[in-house]
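Following the hints, complete the assembly by docking chain C onto the known chain D.
Taken in order, these protein sequences are the chains called D and C.
Following this note's numbering, the residues of the first sequence are numbered contiguously, the last one being 142.
Following this note's numbering, the residues of the second sequence are numbered contiguously, the last one being 436.
Hints are not guaranteed to be accurate.
[What the hints assert, rightly or not] As a list, the in silico DSSO-like pairs of lysine-lysine whose alpha-carbon atoms are at most 27 Å apart:
#1 D:60 / C:199
#2 C:65 / C:105
#3 C:165 / D:60
#4 C:395 / D:60
#5 C:40 / C:59
#6 D:60 / D:25
Hint data in this document are derived by calculation from the structure and do not stem from the laboratory.
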Amino acid sequence: MTIRQLSIFIENRPGSLQKVLEHLKQSRIQIIACTIADTAEYGLFRLICSEPVRACAELKQYGVAVAISDVFAIEMNNQPGGAADVVGIISGAGVSITYMYAFLLDGRGILIFRTDQVAAAEAAIGGHGLRSLSENDLPVNA
Amino acid sequence: MIWNPTKECMSREQMRELQGKRLRKIVEYVYHNVPFYRHKLQEMDLSPSDIRTIDDIVKLPFTTKKDLRDNYPFGLQAAPQSEIIRIHASSGTTGNPTIVGYTRKDISVWSECMARCLTAYGVGREDTFSVSYGYGLFTGGLGAHNGVEMVGAAVVPASTGNTEKHARLIRDLGITGIACTPSYALYLAETMEQIGITKDQINLRVGAFGAEPWTENMRTEIQDRLGLKGYNLYGLSEIMGPSVSYECEEQNGSHINEDHFFPEVIDPVTLEPLPLGQTGELVFTTLTKEGMPVLRYRTRDLCALLPGECPCGRTNVRMSPIYGRSDDMLIIRGINIFPSQVESVVLTMPEIAPRYLLVVDRINNLDTLQVQVELRQDYFNATLDTPAAIDELSKRLAAKLRSVLSIGVKVQLKAPGTIERSQGKSTRVIDNRKLY
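So here's chain D without its partners, still in its complex pose (with noise of 0.2 Å):
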C-alpha cells in the first residue's frame, strides 16, 4: 500500500520555500511528514500532507513545479536496529530504495521511502508482516 507525496521545485533563493509554505497555508493543507533535497542550484521539497490531490492542484494555480508521487510509509520498532530491520528486509527483496526519510507519529517511528519497484516493495512487505499505513492512518486535523 503506497501514500501520496508531493514533490515541490524549489530554487535556492531567499523566499522561495517561504513562499510555498504560505501558499499551503493559505489553502489550509497540513503538513504530517517532509524533507528537503539540497543540491547546489536547487531544492526538491517532498512532503506527505492532507488533501494532497487538492494541495496540488491549488499550488498549481500559484505557478509552483509540483508533482504527486506515490511513496511507502512502513512502521518501524521503536528501538535500536528499527530503521536496519525494515530496510535490510526491502533490500533483501532485491528492492532499491530511491529516497528515504522518517517521522514519528504518535510515537512511533514511520519510515518513507519511494522505489520504482512497487510490486516487488509490496510483496516484500507483506511477505514479513510489515505494517505500512495508508492516508487514512494519517492524522489529519483539518
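The following block gives chain C in isolation, referenced to the frame of chain D:
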C-alpha cells in the same frame, strides 16, 4: 490580396528607375536641409549631381546610430519644425534616445506601408484587430494603429499591460487579429491558460509579430497555443517604424517596401555591399521621408536579401529572417553566439519553457556562459522528483547547447515564472564581463 499592386508588383526595371529618381531627390533634399549630410558629402567630394541612378547609392556615406545620438535631438531633421506633426523616440539604453519627427506625408506613407503589410496577412474590413505594441514614444503602437484604420478593420488599441483584461476582450469581442512582440504573444497565451480561456473560445486568426527577432520554433509554438497564423512584421523607428517589410502568405522571407526604403546588405567589417543571398548587415536609405531622412543607415540587423521571384505575385525584394544583431552578438571565448541560437534549442525541449536568460561572466580570465531556463509546470511530474532526474534534464539541454554553440554552457533550471516576462523587447543577455 495585395493593397497596392502598382507599387508591390511593378517590374524590376520600373522599380530601379523609381528608386533612382527618388534617390536623386532625397540626396538633393538632405544636401540642402541637413548640415550633417552636406558636410559629409562635401568631405567626400560628392555633390548631389553625382547621384544619377540607384546604383550610385554605394558612393554615399553611411549613417550610424551614433550619428543619430550625436545629433540629438533635431540635428538630422530635414523638414522645418512647422511641418512636423508627430515625434517618436526610440529607447535609449545607452546615451540619448533617438528622436524621429514625421511630417503629415511621412505619416501617410507609413500608414500606406502598414496597410500593405496587413493586407498581405489577410486583414481587411471585416476584422477586429488588437494592437498590442506599446502606444507612446515607441513607434509600434501608433504605427500599426494607423495601418489597421487604413485597411478599414476595427482597431482595438489594447497596448501592453493589463494582459488579463486584454485576454478577455480577445474572447468577448471576437478579436481576429493581433499585432505584438512574439514574446508578448507567448505571455498572452500563458495568461489565457491561467485564467482558463481556451483556444476554441477565441477567434484569433492573424498575428503580426515583430520588434524583436524570433525563430520558426517560436512561430510554431505561438501558432499552436493561440490558434492563429503568425506573420513577420519588420521595422525600425530610425527608418519609419513597423511596416518596413512584411511576410506574405508564402512566409518565405519578408517583402520590403522598397519604393520607400531602399535596402542593401553589407559586410559589417569591410562595409562593401554583398550580393543577393549573402548574409550581412542590413542598411536602409529612406527614399521619400521628409521629417528625418537617412542615407544608408546601418541597422545592425544581420540578414540576407533573397533572390528569386515570390509566387505571391509581389515583386518587391524579400529579406530573410533576422538571425541576430551585430550588437546582440556575444563573443565568448572567441566564438560568435547569438541569443536566437539558444532559443532554437530551448524550444526543442518540451520540459523547458520558451524563455531564457544568458549570463556571461569572466572567471579567472575565462569567459563563462550560463543559460537560465524555466521548468514548465505542466511537464513537471513524478519522474522528476529526484536531483538525478532533474540533473539529467539540464545535462541534456547543456549537451544540445554545446553542439549548437560550440562552447560549453552551464544550465541553470529555475522554477516556473521566475524569469522576468517582457512586455516590450526582451532582455535576454546579462554580460557581467568588465572588459572596458
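Quick rundown of the hints versus the structure:
1. D:60 / C:199: holds, 20 Å
2. C:65 / C:105: holds, 24 Å
3. C:165 / D:60: holds, 22 Å
4. C:395 / D:60: The given pair, whose Cα atoms are some 26 Å apart, holds under the 27 Å limit.
5. C:40 / C:59: holds, 12 Å
6. D:60 / D:25: holds, 15 Å
Hint check: no violations occur; every hint is consistent with the structure.
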